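Colleague: Single-letter residue listing:
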Amino acid sequence: MLLEKRAQTPVEQRSYSKYYLIFSGILFLGTMWSVWDEVRIRRPWKEYQTAYTSMVIEKLDSVRAAAAGELDSALVLQLRDDLAKAQEGLNSEECRAAVEEKTDLQKELDVATREWRFARSRSDAAYYEYKKSLAEGKESSSLREDLAKQDASIVQHAGEMEALNTRIAGLDLVINKYKDVVDSLQAEQSKLMAPINAIDLKLERAHRAPVQIKQVMLNDFEFTPFSEIKARIDRCQTCHTGWSEPLMEEAPQPFKQHPFPELLAKHNPESFGCTPCHRGQGPALTAGFAHGDEDHYWETPLLRGVDTYATCNTCHSNELVLKSATPFTKAKQIVYESGCFGCHEIKGYTDVPRIGPPLNDLTAKTTPAWIFSWVKNPKDYNPHTRMPNFEFTDEDAEAITAYLVKIGNESEYRTMRPKGSFAGGSATAGKRLFESVGCQACHTLGENQVVRQTRGTSYDIAPELTRVGSKVSPDWLFDWLKNPRHYNPETRMPSLRLTDEEARHLVAFLSTQKDDRPANTAKLDLQNEERILRGDRLIREYGCSGCHAIKGMENEGKVSVALSDFGRKKYEQMDYGDTKELSRYGEEEYVELEDGTVGVQHTWAGWVWGKLKNARQYRTDRIAQKMPLFAFSDEEVRLLRMFLLSMTRDVPLPAYQHVFDKRMQDIEEGRRLTLRYNCVQCHAVEDRGGYVVAQYEEPALGPPLLPESQGAKVQEAWLHSFLKAPSTIRPWLEIRMPTFSLTDAEISKVTKYFLGLSKQDLSIRDYAATPIEEQYLAPGRKLFEVYQCAKCHPTGNVRPGGEVSASDLAPNLSLAAGRLKPEWILDWLHDPSKLQPGTRMPAYFYEGKGPDESIFQGDAEQQIKALKTYVWSLGARQRSVVAQTR
Amino acid sequence: MKIAAVGIATMCLIGTLVAGDVTGKIAFDGQAPKPNRIRMNADPVCMKAHKDAVVSEEVVVNKNGTLKNVLVYVKDGLGGKTFPAGKNKVVFDQIGCVYEPHVLGIQTGQDLEVLNSDPTLHNVHSLSKVNTSFNQAMPMKGMKLTKKFDKVENFKVKCEVHPWMSAYIGVFNHPFFAVTGDDGSFTLKGVPAGDYTVEAWHEKYGSQTAKVKVDASGKATADFKFTGK
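Protein chains in written order, with the working numbering: chain A, 1 to 886; chain B, 887 to 1115.
Next comes chain A alone, as it looks inside the complex (with noise of 0.2 Å):
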């Protein structure tokens, strides 16, 4: 029973082999894309270099043909037949025959050198015999017949060594007869090969290019939060392979080569990675996660477009000017026009004058009507000053109003000269003169808005005078005209020592200059006390003193948050206030939609756009906003949010930082000298300024560029001279170099700036030392008689009157012993253009040659020497008259 139940137990014997199959081909498939995937799937960066490379096999074979068809093929197969015959000439007998003997010889000559070796040795042993016989006292005549045996011995081995060397030079002249030749068509031909062996080169490279990760570490890079040592690794340019490849400089990405090559000559990746400037996730390999779009959480994803210059201020954020980077630099100098810094702490403005007027003597300027429609809206009298819009309420702007009229009737300023004194000039002068001083340099008005266009911001860097007349008293403008110092000693505007007439007619000029709007009639009661301190109040709150100077106000600090880790602030931690979200809108910035509210990105990016755009965006009913309203254009706002996104505290290691050395150091002061005093309002310097130019016909009639061979041109003491006191250089000009009452320190940081730049050191030397060369002087006159020079540079007294209209003279050449460099002069005449392009001074010498070939046989270096010597004694001379008259 229990046997045949247990027969019956049922042994399986039903077939799964099915689902085995069925199973382990699952598995088998599975394995198979796993594999797929790992290998292919996400490693698209293989495909990449795969497409890559037959990108460059294919561009460099077009070029390779291309190079091929432009040489001269008769030319490289008269060269293949004239090599292999020059070849064949040193198989020819005679060459054969030379080369064996000189073996031969060559061999005599080791046996003759080596016996002539020995005879030396010989000599020297035999002499030290006879030496030691003759110190015992026993002279051995067999010695001394030895020594002189071992003598002759070396005379005739050296003879033997003679004779074979003058044999072997003998044949030498034979064989490289045939040699010199084979060896210069082989020169010829590679030279002429040398293009196409280089690409060839490079598509043996190509060819031969291994699949793999490219990767850069950079050990010891930063710091992590916890202030530890961390590494960064960049594989960027394992997609990103054609990035210094100019044949790529059309290709689509990620092939393409990088648009700013000059750039990596400073920062090159293959050392200095990519990621320190483009942000996003070196070590990932598929774009999403290296660019940061796929993950949300990679705190510094891919900066793109104008944005990616942020990254310059980590490492340069002590500077102003970066040439090679032109948004970063209009940003900065942004952010330093704008003053943004007056109430905001951000790096690298840390010491930066305050960018407004001080406020104490207003009374004197202005009537409290003006300042009190000023303080409502400034944007209303003058819609491109850098004032933003406060937008107070009429009680708050008259409460400001009323403490700005009681300090400045406190004030101590008065005019120079008594009342009335700016009576009588005429309107009509006082215009010509407007345009052609300077003024317009940095003042727009009217219709003339070069100096606005060609800078290209949305304010002005001085108050446009469009309606001037309207604003200030004719007594004030009449002292500020003669000297802005007297009533604000920190001023930038400088003294265009205008006489009395002068400036009375500026004066009628710009009074004529009204506002023909209807006048504020509003009444103003500014005398009462709670309106006085409701006006202190405000004045603190607003934080008016980071701008202006303001009695009372000293000990203010900045009123808002500070900005230097602002670019790391989280969207999260933003506050949107009543913004709708904008992301269904697609990508645009800001809308103002159709119910009367606004909608702005709700992003960092979104979130400072708004701002920038319109300050009190983000107030609600609880939270009150101060920060004023600015006008800024597009462009600004894109560059601005640029910069604030660079203010974060990431610092690389020292060792992966700009040097900022003394020398950039003193570039840097005089950058922000320059910029203080609008020096580039009219000089261009280093690329950037110089927008008065744009006014002239010419730009040898506007002020002159400033050229990085500035400090190599002019003697420093000159310089020191000149800025105190300017004098007139360029008889021509109409505009006039202004005072602008430098300190010595000032003064000193303008030497070292140009010194910098042309890379010089500050030396003290005697230029009125400097020797006269007699042997020059001659011809260096007779020179400048051929030359004609004085056609157009007096070199003496000018007599006015003459011929000659000041306006086609030339500097005077009796002031260039006294102000420029004698190196200098040498540069300029070689070619002017080069050191002043736009010159009206043209070259004389070219090739190495001057006009006249009776002197010096026209050898350019010896005439210019020549010139030189003598327009130097030309100043020498006047100088020492000055001196005897002293």
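Treat the hints with care, as some may be off.
[Stated by the list, open to error] List time: in silico BS3-like cross-link candidates among lysine-lysine, alpha-carbon distance up to 27 Å:
#1 Lys-865/A / Lys-1030/B
#2 Lys-849/A / Lys-911/B
#3 Lys-613/A / Lys-570/A
Calculated directly from the structure, the hints in this document are not laboratory data. The structure displayed is predicted, hence computed values, not measured ones.
Based on these hints, arrange chain B on the given structure of chain A.
Modeller: Leaving out everything else, chain B in the frame of chain A:
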């Protein structure tokens, strides 16, 4: 086969041979400005060179009522065709402290010979923006300079020593240009058959364009009229 080849060859030959001249006149209408007298007092050499009064060449109206010194050229329509640079050098003289000619056309790559026929200092300063600008002194009589331009441009040339001196140079990448002379007419020689835009340019009155068709007959005309203001 052979016939076909010969046929194609002849067709190609004819294709290049079909070319014509574009001719025309530059009429002038209205009031011509009063000629500006040039005073050369600043340089006695210049004064001596002239017996009669010298007037500015800015606007010269010919006796037959046409305008002199107008630069006429094919502006558009040549497509990507390239033309070898002219073999002859173009002479640009400074004589009697005046540029001769006052307006000239030249091809890219063609030699411009700048000559000083005056025993005084001149400097030739090209105010070119596309081509490299040059400014060279020529202090001696008989001095010569050779210049070449590699880009298409129309620019002014002046002399700083004698501020009244000015001239204009038009650089073209083809040989189809001309400057009107004393009869105000011009001929653009050997223009291949096709449709073109021809432009006439004058330093004071600006430029005008006209559409021109050069067909198998090989003749085409384009007349322009400038009006004085």
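Colleague: Take the hints in turn and mark each one as holding or not.
Modeller: Against the structure, the hints:
Proximity of Lys-865/A to Lys-1030/B is assessed by CA-CA distance (about 24 Å); at most 27 Å being required, the pair is judged to hold. Distance restraint check for Lys-849/A and Lys-911/B: the Cα-Cα separation of roughly 46 Å exceeds the 27 Å cut-off, and the hinted pair is therefore not satisfied. Distance hint between Lys-613/A and Lys-570/A is fulfilled; the C-alpha atoms sit about 20 Å from each other, no more than 27 Å.
Of the numbered hints stated above, the single one contradicted by the structure is hint 2.
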